[in-house]
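K.L.:
Each protein sequence line maps, in turn, to chains D and E. Here the first sequence stands for residues 157 to 431, where the numbers follow my numbering. Here the second sequence stands for residues 37 to 462, where the numbers follow my numbering.
Please note that a few of the clues may not be correct.
Said to hold, decoys possible - Covered stretches of chain E, going by a simulated chain D footprint (3 or more residues, C-beta under 8 Å):
(1) 80-86
(2) 114-127
(3) 391-405
To be verified - Using C-beta positions, here's what the derived DEER-type ranges look like:
(4) D:278 / E:275: 17 to 27 Å
(5) D:200 / E:98: 45 to 55 Å
(6) E:143 / D:175: 47 to 57 Å
(7) D:260 / E:82: 25 to 35 Å
The set of hints was computed from the structure by calculation and includes no laboratory data. Glycine residues also receive a C-beta, built at the ideal position from the N, C-alpha and C atoms.
Take a look at the letters that make up each chain.
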Amino acid sequence: MRVLVRPAQYFALALYILFLGFPVLWLVSASVKSSGELNSLTVSLLPSEWHWDNYSEALDKQGLIRSAANSLIVALASTALSVLIAVPAAYVLARLKGKVRAAGVGWILVSQVFPVVLIILPLFLILRTLGLADNLAGLTLVHTTYMLPFALWMLQGYVAAIPVELEEAGAVDGASRLTVLRTIVFPLLAPGVVATAMFSFVSSWNEFFFALVLLQSPENYTLPITLTMFVGGEGKVALGPLAAGAVLAAIPSIVFFGILRKKLTGGLMAGAVKG
Amino acid sequence: MKTRRTLVAGALTAVGLLLTACGGGGSGDGGDGPVSLTFQSLSDQPAAIAATQKIVGDWNKAHPDVQVKIVPAGWDGVYDKLITQFNAGSAPDIVHYEAAGIAPFATDGFLADLTPYLSAEKRADIPKGVLDSVTVDGKVIAQPTELQSYVVFANKTQLQQAGVTIPTGASMTWDQLREIAKAATKDGKFGLGWGLSSPTAAFVALAPGFGGKYFEGTGNDAKLTAGPGEQALPQLVDAMAHQDKSILPVTLTQSGTKALAPFYAGQIAMTVQGSYQAANIAKDAPKGFDWVVLPPLAGSAGPAQAANPQTLSVNKDSAHVKEAAEFVDFFTGTENLAAINEADALIPPTTSARQALATKLAGKNGWDAILASGEHLTSAPYLFAGKYAQWKDTVATPAYQQFLAQKIDAAGLAKQLEDGWKNVSK
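Chain D extracted, bound-state conformation (with noise of 0.2 Å):
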């Protein structure tokens, strides 16, 4: 019986990968079917026959791989941004004792409360008149307003877990106050910095309202906006040249993750040596 459970343990692991991969592969598989097969009643997982079209076709729309560089700048330095401004204030949110740390905390909370709809003009005119409307590092700005309160929001949780003793623990051995943050706060806050900076790339990376209102010349225009280009009027929509930007444009994404979760996992264990 014994002899069993690793076998079904690597029987259901296997399940779940495949439960979870699954649209990815069909994603990647409708990208290389002809319009035919995409709108035929039989349904398969592997093309009757690889039609590779579809990604010439979606390299050729609108400057897929410009949209994509603008994207990839946006989501870079809106997430490095993010990170640089949130981490300071989010050791100071949660270390803060008394009525401010409540009035920012309860800043953050009412500042997620608006939709982007009722800010958006206002926005706009500000920006225009800064003569950042139409341009990348406008965009970056809206994306990093946008993404700060959550990420101040998720930091702050992992600073207020670092217990406050360790910092008391080296104060009393000497270290002075950068040494404390240096040496015990940053490495345990590592996995917390590499998570939320996955988070503000990914939600800029996919942002899509900021940039379709504020976006108005081709050549700003993010990926996002490029790949509703492949939806047209009427419902008409171009299955397979959309799968295959969708596989392009989800391509940075994983690259970014497969960087990060590395560090993610050695932050950890950083964390743990130190502490």
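Based on these hints, arrange chain E on the given structure of chain D.
P.N.:
Below, chain E without anything else, positioned relative to chain D:
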């Protein structure tokens, strides 16, 4: 989505009124160089994009002092984008959209009156019903560019095997369609498939064939009636689906495009679709699939259908309204309309362009029947009913879905439609 649209419209209009003072004009040029116009185009098919680029290229070559720049945009979210642009005073000079979407912008005073730029010849070339669909408060606020109608695509072989004589002529009645569907329903196959997951657009567009108008009046004062003319088509579909059992049931809950798969597979002999699907059928149908477009469908009041054309409008705040209007007039010339509609597999809104296309395509892929259906497109009162979009999504579509699922009867449907309109238009 449409509820969100309403929220967007309300919120942005309110904020916009306070802030438009900060806004500037549509076009940004003010120097000594050529006039520069922006044209936000929603063309999405590769052939239509190419046709649009050619038209703009031709204009730019012929008018070195007025240069037009295409700004491509997608249909998804374009309402949100436009309402922000108009309220912020940064809308493009020339706007591509559909009549149903652009009418509220005209009511809010964002669009230029194109009446002075519409020649008598062009006016005579646009059928009255189509011209009505772009006329708000007596002003022409857009020029129509492309139209679609609902037509019946049929598997010729399947109908012949069922012993059906395929109708020809100027039109066919809905009763004929019902009889053919019944005859072709055998051996596990169905006569008809109709993707009616969102049925309101089709029912409202086809109601004029039964004398149905749905709306009287404009804006928030529009009144809705769900009488016999409006109810005739839903009841016919209900009878075909549940009495005759000649409609493949699953298609009633699918999109129009999804209903093409059983058509290709021979599960259904006919399907009601937007005319533009002719291009997709020509591309996607299996080899040897022998299909035909049946004559335009006629109800008790004839083969009329409501027109909701794609349009080109001019931003009233553009610094160059006259030049933009001239470009719109150029874009909607006979040759250009024929080219763009051929590329999109849609119906030109002018008689001359329709004739040019008919001559060029000579019956290829059902174009004759499609173009013939375009002759019966008439005015669409729903375009000018203020909260139509909200009513469509929050009231009509759920009510029709319940009716087709036999959860409510015809009286219940009429009550939901009328009471729902009163609620949303309060």
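K.L.:
Each hint should be assessed against the structure and marked as holding or not.
P.N.:
How the hints compare with the structure:
no., hint, in the structure
1, 80-86, "holds (count 3)"
2, 114-127, "holds (count 7)"
3, 391-405, "violated (count 0)"
4, D:278 / E:275: 17 to 27 Å, "violated, 54 Å"
5, D:200 / E:98: 45 to 55 Å, "holds, 52 Å"
6, E:143 / D:175: 47 to 57 Å, "holds, 50 Å"
7, D:260 / E:82: 25 to 35 Å, "violated, 52 Å"
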